[in-house]
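Numbering (numbering that gives the first Met the number 0), first residue to last: 0 to 184.
No wet-lab data here; the hints were simulated from the structure. Each residue gets a CB set at the ideal place from its N, CA and C atoms; glycine is no exception. Incorrect hints may appear among the rest.
[What the hints assert, rightly or not] In silico DSSO-like links for lysine-lysine, alpha-carbon gap of 30 Å or less:
| hint | residue 1 | residue 2 |
| --- | --- | --- |
| 1 | Lys75 | Lys12 |
| 2 | Lys70 | Lys53 |
| 3 | Lys71 | Lys53 |
| 4 | Lys71 | Lys30 |
| 5 | Lys156 | Lys57 |
[Claimed, not checked] Between beta-carbon pairs, the in silico distance windows are:
| hint | residue 1 | residue 2 | range |
| --- | --- | --- | --- |
| 6 | Lys7 | Arg84 | 24 to 32 Å |
| 7 | Lys53 | Arg129 | 16 to 24 Å |
| 8 | Asp8 | Asp127 | 44 to 52 Å |
| 9 | Asn130 | Arg85 | 28 to 36 Å |
| 10 | Ile93 | Leu159 | 15 to 23 Å |
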Amino acid sequence: MAWELALKDLGIKIPVDLDKLMGRKTEEIAKLLAKDRWKELYERKNAYFDNLVKIYAKPTPCAIDLVNKLKKEKVKTAVVTSSLRRSAIESLKILNFEPDILVAGDDVKKGKPDPEPVLKALSLLGEDPRNVFGVGDTLQDVIAYYNSGIREIYLVKGDLKIDYDEAMRKYNAKVIETLCCIINH
Numbered sequence: 000m001a002w003e004l005a006l007k008d009l010g011i012k013i014p015v016d017l018d019k020l021m022g023r024k025t026e027e028i029a030k031l032l033a034k035d036r037w038k039e040l041y042e043r044k045n046a047y048f049d050n051l052v053k054i055y056a057k058p059t060p061c062a063i064d065l066v067n068k069l070k071k072e073k074v075k076t077a078v079v080t081s082s083l084r085r086s087a088i089e090s091l092k093i094l095n096f097e098p099d100i101l102v103a104g105d106d107v108k109k110g111k112p113d114p115e116p117v118l119k120a121l122s123l124l125g126e127d128p129r130n131v132f133g134v135g136d137t138l139q140d141v142i143a144y145y146n147s148g149i150r151e152i153y154l155v156k157g158d159l160k161i162d163y164d165e166a167m168r169k170y171n172a173k174v175i176e177t178l179c180c181i182i183n184h
């Protein structure tokens with residue numbers, strides 16, 4: 000919603016489906032959409048996001064249960080997000096979730112779908128990709144997990160228009176309706 004509002008404010012019409020860009024770094028999306036006006040779009044989008052997250056941020060179904068289960072089992076957690084660190088911290092605070100590791104879009108040179116942010120999280124956790132699972136809600140997440148060596152990948156269905164068949168066929172992702180599926184797995 001923040002992207003749509005910022006684009007409308009600036010009178011920028013886009014020839015692409017925003018859903019296909021979700022999961023990429025904010026700066027990268029702004030440059031793709033606004034060219035020489037990218038900084039203006041970047042700032043406007045972030046201002047909208049800062050306000051909207053306070054109103055609309057809520058955990059997805061079973062998120063709290065999954066986090067509690069992982070903590071109880073002493074499983075380390077990492078959040079790898081394309082959002083800015085300040086935005087991610089605000090969202091996580093609202094959701095009352097404190098991961099062991101947070102890697103945000105401004106912590107890396109290359110964002111998803113490049114594996115750099117996932118590899119950084121794995122390194123900070125001291126984990127081998129073969130011993131972890133990844134959960135995401137964009138195709139960018141799935142590609143980044145796959146290219147980092149993670150083979151247990153869950154793609155949670157949401158509002159974005161995603162080619163779920165491609166995610167399953169090409170990246171062996173398990174498409175799930177909610178995080179409850181992981182808890183019951």
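Are the Cα atoms of Lys156 and Lys57 separated by 30 Å or less?
OK: Lys156 and Lys57 at ~16 Å, within 30 Å.
Range agreement (Cβ of Asp127 with Cβ of Asp8, hint 44 to 52 Å):
With Cβ atoms ~45 Å apart, the hint holds.
Tell me if the straight-line CA distance from Lys71 to Lys30 falls inside 30 Å.
violated, 42 Å
Within 28 to 36 Å or not, the Cβ separation of Asn130 and Arg85?
holds, 31 Å
Run the distance test for Lys71 versus Lys53: straight-line Cα separation, threshold 30 Å.
holds, 28 Å
Is the gap between the beta carbons of Ile93 and Leu159 within 15 to 23 Å?
holds, 21 Å
Agreement of Lys70 and Lys53 with the hint, judged by alpha carbon distance not exceeding 30 Å
Cα-Cα ~26 Å, so holds.
Using the beta carbons of Lys7 and Arg84, state whether their distance is inside 24 to 32 Å or not.
holds, 27 Å
Does the structure keep Lys75 and Lys12 at a Cα separation of 30 Å or less?
It is violated: about 42 Å lies between the C-alpha atoms, which goes past 30 Å.
Take the C-beta atom of Lys53 and the C-beta atom of Arg129, compute their distance, and say whether it sits inside 16 to 24 Å.
Once the Cβ atoms are compared, 39 Å apart, the range 16 to 24 Å for Arg129 and Lys53 is violated.
Checked against the numbered hints given earlier, the structure breaks hints 1, 4, 7 and satisfies all the rest.
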